[in-house]
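**Student:** Protein chains in written order, with my numbering: chain C, 1 to 121; chain G, 1 to 741.
In short, the hints are calculated from the structure, not lab data.
Everything numeric in this text was worked out from a predicted model, so none of it was measured.
Any given hint could turn out to be false.
[Stated by the list, open to error] Stretches of chain G that chain C covers, calculated by requiring three or more beta carbons in the stretch to come under 8 Å of a beta carbon on chain C: (1) 118-132; (2) 230-243; (3) 374-385.
[What the hints assert, rightly or not] Each pair of labels, with its calculated beta carbon distance range: (4) C:L20 / G:R545: 49 to 59 Å; (5) C:V66 / G:S529: 18 to 28 Å; (6) G:H522 / C:G109: 33 to 43 Å; (7) G:R114 / C:E80: 49 to 59 Å; (8) G:I310 / C:W27: 29 to 39 Å; (9) C:L79 / G:R114: 53 to 63 Å; (10) C:A14 / G:R390: 23 to 33 Å; (11) C:L79 / G:R390: 32 to 42 Å; (12) G:A325 / C:L20: 29 to 39 Å; (13) G:G199 / C:A17: 23 to 33 Å; (14) C:E80 / G:A3: 34 to 44 Å; (15) G:G385 / C:S44: 17 to 27 Å; (16) G:T416 / C:A14: 19 to 29 Å; (17) G:L112 / C:Q45: 42 to 52 Å.
Here a beta-carbon is modelled for each residue, glycine too, at the ideal position from N, C-alpha and C.
Listed below, chain by chain, are the residues.
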Amino acid sequence: MDPSRKRAIRLTVALTAALLLASALVWTSFAAGQKELTASQLLSQAKPGQSYVLAGTVLAGSVRHVGTALIFRVRDPALEVSVPVIYRGIVPDPFAAGRGVLVTVRKQGTSFVGEQNSLTT
Amino acid sequence: MAALGRVLLILGLVVALYGIGASLHGARSGQLEWVQSGRRAVYTLAALMTLAFAILEDAFLRSDFSFNVVSSASSTTTPTFYKLAAAWSTQQGSLLLWVFLLSLWSSLILFLTRNRVREIAPYATAVLLGFGAFFVSLTVFFASPFGTTANPPLQGAGLDPLLLHASMMIHPPMLYSGYTLLTIPFAFAVGALVTGRLGNEWIAVTRRFALAAWLVLGIGILLGARWSYTELGWGGYWAWDPVENAALMPWLCVTAFIHSIMIQEKRGMLKIWNVSLILGSSTLAILGTFLVRSGVLDSIHAFGASTLGIPFVILIGAMVAVSIALVTARREVLRSEARLDSLLSREAVFLFQNLVLVAMVAVVFWITFFPLISEAITGTKVSVGPPAFRPFIVPLALVLVALSGIGPLIAWRRVTAANLRRNFTIPVAVGAATCVVLLLASNAAARPFALIMFSLGAFVLASVAQELWRGTAARRASTRDPVPVAFVRLIGRNRRRYGGYIAHAGLAVLLIGVAASSSFAHSRDVILSPGQSAGVGGYQVQYVRPVEHVTNAKVSFGAVLDLSKGGKHVSTLTTTRGFYPAPNDPGLGPISDAFNGQADSNVGLRAGLTRDIWTVVNPDLTPLQSEITAGDRAFLKLMTSLTPAQARQPAVIDWIRYYRAQAIAGLAARYVSHPWPIEFLLIVSPMVTWIWLGALIIAFGGLIALWPIPLRARRRAPARGSARQPAAAPSPPVPVRETVY
Numbered sequence: 001m002d003p004s005r006k007r008a009i010r011l012t013v014a015l016t017a018a019l020l021l022a023s024a025l026v027w028t029s030f031a032a033g034q035k036e037l038t039a040s041q042l043l044s045q046a047k048p049g050q051s052y053v054l055a056g057t058v059l060a061g062s063v064r065h066v067g068t069a070l071i072f073r074v075r076d077p078a079l080e081v082s083v084p085v086i087y088r089g090i091v092p093d094p095f096a097a098g099r100g101v102l103v104t105v106r107k108q109g110t111s112f113v114g115e116q117n118s119l120t121t
Numbered sequence: 001m002a003a004l005g006r007v008l009l010i011l012g013l014v015v016a017l018y019g020i021g022a023s024l025h026g027a028r029s030g031q032l033e034w035v036q037s038g039r040r041a042v043y044t045l046a047a048l049m050t051l052a053f054a055i056l057e058d059a060f061l062r063s064d065f066s067f068n069v070v071s072s073a074s075s076t077t078t079p080t081f082y083k084l085a086a087a088w089s090t091q092q093g094s095l096l097l098w099v100f101l102l103s104l105w106s107s108l109i110l111f112l113t114r115n116r117v118r119e120i121a122p123y124a125t126a127v128l129l130g131f132g133a134f135f136v137s138l139t140v141f142f143a144s145p146f147g148t149t150a151n152p153p154l155q156g157a158g159l160d161p162l163l164l165h166a167s168m169m170i171h172p173p174m175l176y177s178g179y180t181l182l183t184i185p186f187a188f189a190v191g192a193l194v195t196g197r198l199g200n201e202w203i204a205v206t207r208r209f210a211l212a213a214w215l216v217l218g219i220g221i222l223l224g225a226r227w228s229y230t231e232l233g234w235g236g237y238w239a240w241d242p243v244e245n246a247a248l249m250p251w252l253c254v255t256a257f258i259h260s261i262m263i264q265e266k267r268g269m270l271k272i273w274n275v276s277l278i279l280g281s282s283t284l285a286i287l288g289t290f291l292v293r294s295g296v297l298d299s300i301h302a303f304g305a306s307t308l309g310i311p312f313v314i315l316i317g318a319m320v321a322v323s324i325a326l327v328t329a330r331r332e333v334l335r336s337e338a339r340l341d342s343l344l345s346r347e348a349v350f351l352f353q354n355l356v357l358v359a360m361v362a363v364v365f366w367i368t369f370f371p372l373i374s375e376a377i378t379g380t381k382v383s384v385g386p387p388a389f390r391p392f393i394v395p396l397a398l399v400l401v402a403l404s405g406i407g408p409l410i411a412w413r414r415v416t417a418a419n420l421r422r423n424f425t426i427p428v429a430v431g432a433a434t435c436v437v438l439l440l441a442s443n444a445a446a447r448p449f450a451l452i453m454f455s456l457g458a459f460v461l462a463s464v465a466q467e468l469w470r471g472t473a474a475r476r477a478s479t480r481d482p483v484p485v486a487f488v489r490l491i492g493r494n495r496r497r498y499g500g501y502i503a504h505a506g507l508a509v510l511l512i513g514v515a516a517s518s519s520f521a522h523s524r525d526v527i528l529s530p531g532q533s534a535g536v537g538g539y540q541v542q543y544v545r546p547v548e549h550v551t552n553a554k555v556s557f558g559a560v561l562d563l564s565k566g567g568k569h570v571s572t573l574t575t576t577r578g579f580y581p582a583p584n585d586p587g588l589g590p591i592s593d594a595f596n597g598q599a600d601s602n603v604g605l606r607a608g609l610t611r612d613i614w615t616v617v618n619p620d621l622t623p624l625q626s627e628i629t630a631g632d633r634a635f636l637k638l639m640t641s642l643t644p645a646q647a648r649q650p651a652v653i654d655w656i657r658y659y660r661a662q663a664i665a666g667l668a669a670r671y672v673s674h675p676w677p678i679e680f681l682l683i684v685s686p687m688v689t690w691i692w693l694g695a696l697i698i699a700f701g702g703l704i705a706l707w708p709i710p711l712r713a714r715r716r717a718p719a720r721g722s723a724r725q726p727a728a729a730p731s732p733p734v735p736v737r738e739t740v741y
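If we strip away everything but chain G, and leave its shape as in the complex, we get:
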């Protein structure tokens, strides 16, 4: 099967290269059959990559250790669910996943546009196949997922314990889907630039793909944050790790794009800006892929040092050079059709929002790459760490939230005093009232940035609620529908607009959670014996009793904790730390080997709307050390006393394994029978749940905006929208139709 996989990859490379040639020849000569042949090459590539990926997954499911990637990242004891995910935990498998997803999305867009954008599509096909050829060639020449060994091991190394988490099944495919979806607007933007057809056509056909990229990349980022919070045992959800930043940068950039294209669609403005944003987003997505794979910056997500850095640098360099050359060559065609009428207009708010997002990208880029920049300038790597982000990101985030509340309220072209009064009075009053109440009734004044974020968040929620209410009321007035029906139909008939507003509300909820949890968390690092308690954030945490659990995979030591407040029982939490064996370490004995591998934390968490109580145990195994050393000596003495023939007998091997397991179980039992003081990290963090709720609301809003519009509604809708007043306008009914392309 591995040989078939290798053949499929080589065929994929040949098909991709053929498709590039056919598409370009078809575009130049105007011969439709060559264009169609190029498109079919994309479909063929998708079929080949689907088959190749299926072969790889099958090898993981069968635990076929003749595949090098299977023996390095899976084992017979790995649960089936995680065997599937193990395929993309390796460098080679993840590259195959990348090209597999790319070929699927490319096929989808080319099928949907088979009768549209005829001039642009062949060039876009060539660009998409160029990406395909690049990634297939990486799997053919640099990191083959189908590398095999003649002498397969009986057992594989198993999946990294930290990846044994449900979100890891979804997180990487989401990120890769986001990255690969971003190549589609990139390819069509390049096609539009080459052909000079720089109207709204290329935006119309790729807008949903950009929105889908934004949505799945955002979900991927949030799943990663959730994994970090519940699995990594440090109590945080965002560490400004280089690979986290690598996903955040294209997401911020495409967020700017999906807003600014509305100005081009409505006013014919910002064409250079939009083209540059999408070219930049896709380049940043490739940069993110490069960061994970090159080992150029240290990160827990990285696959380590590899030889893939140079090909990626060449690809990124080519993307930047082509983007700059094309935009420069087409600058005359890209001139705006209109000018900004006023700085107090919706277009201006969108523009400010774009500038804030791009400034955030610049900050994240600079600080992430600063170790490399400083090394290039001074010869020494200098790291600045997470605190360096805050002075820049926090004020920018505050401005962003404010603009996300102002945007839905302000009129296009030019605002009037009446518009300001009508639309801003209630939201501003809600924001101001929130600020006053928090100042009087809480200690929020101690954290001014958090206080401002809470107030602005309230302002955004009020502005979205007002828009939804006014829209529903206007619809109800014209249709006599009951309120819930009018509300649902309002959103259903104008999904892009109201989906966007709901996403704004989600952003406000999410950032309120971030501000509260990062400003008002209480954290304590304590050492407790059974029966002892420690206070944190108004709660008492009592170490009730130790617990242990031994499996073939790991030995876990933990604690049952009683959580109380004001003398009243609140909850019982259990936290454990699992110790995995250290494989292939000749310096360790047969017993000490079981306690010196990687460790993972099982967090004891009580999550709630107002606060999370997060606990993790860090057991010190020193009191077991003398027994572990004695066990090592006893087993080594036993094993050296065996003759080579005895040592090979299965019954003897089983006997030794059994007694080793008994010895480890006995040591674990001692942790419970003779407990000693152990270390705990206790955190009471307010409103963390708001982050996950906010993310869900954003995803819901994104889905509404992305959901296909029924054909009936599409036929009724105009071909091109005109500048609209916001829903607040009193007499004309609220527009209930969406601009559809």
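Okay, chain C solo, but in the shape it has when bound:
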């Protein structure tokens, strides 16, 4: 086969593979992704019964152990807004006041109840 034609075929195959990988990545990311809400977004958007991923930092001085529950407030990094979270389950070692966390929550009254074992740092 003509070498230039061979090179063109190789280039086409490589670009097609790259395009397929990129498309799969984009599709997977948008299809499997979960919205991360800040404290202020959660306060304005949350509806009872629906679950949301809350992202933010643990408010200093807000961490309490009450019975088997861990109670803390998650602060909006950009604003002075925080929401209370009642969480039960595995608490990662790095969890501490001031640390960034992600936790899946559901609205219950004025508080947000964390899904068991959903807390990550």
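Use these hints to put chain G onto chain C, whose structure you have.
**Tutor:** Frame of chain C; chain G shown alone:
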């Protein structure tokens, strides 16, 4: 001393800026004295930064709390070993460490090349000093490690408990060494592009630095994984955390580079690719530094939100823009001198391996930054989490392992049927036999990806063993040396090649460990009372008795566990969870304060070649809550009953401290005397030890490849290598000389 430190930093900035000007002027005018002056500016910067870093470490060792960084990250009770490490646990101290290491490595390369690459070196000096000036200016204008307070506290906040781990002493300097070492090939690549001297010269002088960056960055990543496994209490070693990914991306990129430069050295091909890879590796290293410092993505490693994001974005933008502009301008000079003869050749395997590694970088980059990308597109952050990596990374890792076995076996330029038969028969048979045995004798079929990884791993190990054996046999035939001597001399005379093969074997061992531990682990979350047992992965774990330990720093609650299998005792494990005080929390009482700070886990681990039994306790302190609350009330009542004069008396303060400690010790003793059910996480994970063994083998192979070649051997070696046949060639003796530059 802090004032002296600040002066040293300012001097460092002035010297760096002067050095940039001197180097560029020397390069443009051809005046050697200016070039030498620029080089001496790098040596001076190294001396200044060494002194500045020594002042900072001295402040930590003396617990000088007038330094803000010392009071925020150390205390008088911090062990000396960790006081040294505390210096780089802060944003400011780690930036100083960065520029200190950068200035050391820059001095080393410029000293080694003082009589070589004369056209490229001045531009490289200017680039290295540019990085130096950037990081020194961060410590001068944004995050000074020498900030002080007029009223120092009597006690510091102490080091983050999670960092009280031996590997934390080594892990950050290793990562920073890797990042800073990567700036050296970057600087010389820029110098080569500016001058148009794009042959193998710049690669020859920086190859060892790229290899050293690959080695220390890899060690740093693995130490981080080990820390995660033994310290973080979640049972894993890799969480796809943004900062872990930030270190992995440049490592993958430089792995591609240290392979693909061999094609340029031997065939004059892939010049644009190599330049782009090293420019990309260094940019990714700076991106990693940015991720840790900007607070742009949440991570347990991050230093939190800071004002450093914008300077880093400017630096990264400048690096990308300069890289693209230079590569575009020099595209004609960068044209390949040869073409790929066949897709069945060693060059093609290297190229495929490079594409796989770059695809891995792209996947990790995209998913890591997806929250920011999605926010930019849709206005909302969307996170995809660790499961999103697997569908892409697992198949790519399988292809990578296969190629690491094929690479050493396949011939350069074009393969022949004879070459295929001669070199592939045994390794392919070993891989196939492994697959069949595992299918028949285990449940590996339930996890097809793991089964493929085991088979490919066996193939790689067989291919490396075959190459080593054939090389040793050929050497023995020509020298009559005994087998061990021939083996050692074979490796010693061709370190780059055989060091690389050993690293390939290590990669296979490591990924076999990853495949086994991630596919066949058994995990249980159980609540047990003393005397009760739970089964996990064929083992029985019995909660024998509770244990407690109280120190000034923390209160630990734990359990002694008996591990047995089939009724036979295997081991006794102890796991504890330490609770640290919550400082400066006005909402907590004097007793509850001791139990509401950060917590850390002490894992009960029985590690072995076939499996690890990993246990951690998560004690529920609810049954102590009523006593804790009563203690809070009693101590608050006591303290409010004191007059201000009484409250200031040292004897009264000591008396209160003593009784508070007694109360906490009494609560801890109750945990043992009146035990209640507590929660355990039990994991039986196969072959985790293979990961650490594989990492050690890779590091050993890297060290062999990196080790300097004796001057005698260097004189004997040719100036430039030619395409070689692999060791399998039957009649010509196996080459025992390394291509040396």
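**Student:** Which of the stated hints cannot be reconciled with the structure, identified by number in ascending sequence?
**Tutor:** Hints 1 and 17 not satisfied by this model.
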